[in-house]
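> The residues making up each chain are set out below.
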Amino acid sequence: MRRHRAGWKIALTTLIGAVAVLPIYITVIVSLKPQTDLTSFWLPPRVLFFQNFEGAFIIGRLATAFLNTAIVTACSVALIVLLSAMAAYPLARHRSKLNAVVTTFMLSILMVPGLSLLVPLYVVLVRIRGISTYWGIVLIHITFNLPLTIFLYLNFIRAIPRDFDEAALMDGSSVYAVFYRIILPLLKPVTVSVIILAGVAVWNDYQFSLYFLQSPGMRVITLAISSFFAVSGGNTHMAAAAAVMAIVPITILYVALQKYFVQGVLDSALK
Amino acid sequence: MESTFRKTNIMYLPALALFLVFVVYPFFEGIRIAFTNWNGFSQHFKYVGLTNFSVLLGDRNVRTALFNTLLYGFGSTLLQQVLGLAYALLLNQEFKGRMVGRTITYLPVLISAVIMGYMWYFVLQYDGALNDVIALFGGKKVLWLSRAGTAISLIITINTLQYLGVSMIIYLAGLQNIPVMYYEAAHLDGARTWRRFIAVTLPLLYPAILTSVTINLIGGLKLFDVIRALTGGGPGYSTHSLATLLNATYFGSQRAGYAAAIGILLFCTILVFTIVTQGVSKRREIHY
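For the record, the sequence lines run as chains A and B.
Just so you know, we're using the working numbering here: the first sequence kicks off at 1 and counts up by one.
Just so you know, we're using the working numbering here: the second sequence kicks off at 1 and counts up by one.
Extracted from the complex, chain A is given alone in its bound form (with noise of 0.2 Å):
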């Protein structure tokens, strides 16, 4: 009876899991046949064919994609940590009516859509001529995502006993030494939580890329595998190879980091 009951749970367990990755499953088929083989994608390739993928890397010019997003991730997402740490340490500690506006004010910038805001922020960036450059969008970026970042942070340093500053302030250090010798340290676990979350989104953009990343030479990975999928006639094979090369990094991350990723979705989600 016992193990006729787990048998219809693994069953069900197993058919969503199936339905939730099946785009992948169909796309990594469709990769590594080539374009003349008609057989159908669910079919495993009798041969594999890894030709899709080097033309992918050539014609898509993948590899400056990937590094544009490599340098707008890292150089975000260190920012994103710096800044929001810092943001975060006065508004904890200091508790003031000028202090509580502030808060309300940065947090109530989680509810604007960045992308209501589409025409205007194009305009104030061409204005500081940052269309197509990475400072522009990193500082875009970093607006977008500290809203998020200085609530984790707030939520955290606001825990640790102010006891921890004042022993050290006692012994006459500077605040600011208290603040980058004693409270960053015990910062690691959320920033690991900062850092996935932060990573993820700044990787994934798509939206933000698409506005102000007009240079083809600027190209992230989102944008050069949309400019394959939208050629018509192009090769859809191919496109599928340069798709499949676009998940495999964050893939990876995700099986060996698992436990960080799943422990940022619930920083952000029950705090």
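Read the hints as simulated data drawn from the structure, not as lab findings.
There could be a bad hint or two in this list.
Listed next, the in silico SDA-like pairs over lysine to any residue satisfying Cα-Cα at most 25 Å (straight line) [to be verified]: (1) A:97 - A:188; (2) B:46 - A:128; (3) B:141 - A:44; (4) B:7 - A:185; (5) B:140 - A:40; (6) B:7 - A:172; (7) A:188 - A:38; (8) A:9 - B:89; (9) A:97 - B:20; (10) A:97 - B:275; (11) A:188 - A:229; (12) B:7 - A:9; (13) A:188 - A:81; (14) B:141 - A:229; (15) B:140 - A:38; (16) A:9 - B:201; (17) A:259 - A:185; (18) B:7 - A:128; (19) A:188 - B:8; (20) B:141 - A:151.
Quick caveat, the model's predicted, so the values are computed rather than measured.
Starting from the known structure of chain A, fit chain B onto it as the hints suggest.
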């Protein structure tokens, strides 16, 4: 001591400066542009008063996009809560393979929505995986994305499946926070499985439900990537959301003033629903 902490206020100035330059200023600049007939690049434009807004109210494409936006938002939110909770209840039980199930369902969450959309294209295209199954059973192949109703349902389903992992994880954490003694008490009172679910599980999951609904609703109302990847808003304007219509109006038709007005509509739509969900959460806290 307070004065020592006060001087650290300068540490939030960089963040504040970014918000002023890239959120507050654009917000007001957007309102100004919405009152003009600017085309997005010319030096010349005129203030046209409320013209853009009055055109907006009568524009059939905008009405369709607003209606679709609500469909995408509420459709995926509803579907995601039902499936996410059901799946969390399943994975909350002890059996082999539950960790694997959790890992696999969560993977799509981390993949770019636009790439996920393109990957679904291989399933939905005319010679794609779904039609192969239909042909296998002797059915006629279907053009899945050629009719608005079907395309919208598919986009909702795809968005739901991709982010099922988020609601599943939130509900799973919520379920694990419910003390076992409540179930034991309900059991002693003779409550059956269904009754226990209604009387114990659901009320105690209230905070989790609220969190998950808020995240899914805002995500759904902003939906952009999947639509771009699968239909591009077509056929015609029938599957556009406000987000994709805004993009098409600005970069496609070069009507910057009008696009800015659509942006304000999108902003207000999301704001209204965020405030509603926040209001509900304040009013109905449940304590045991």
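> Hint by hint, which ones does this structure get wrong, listed from lowest number up?
1, 7, 11, 12, 18, 20
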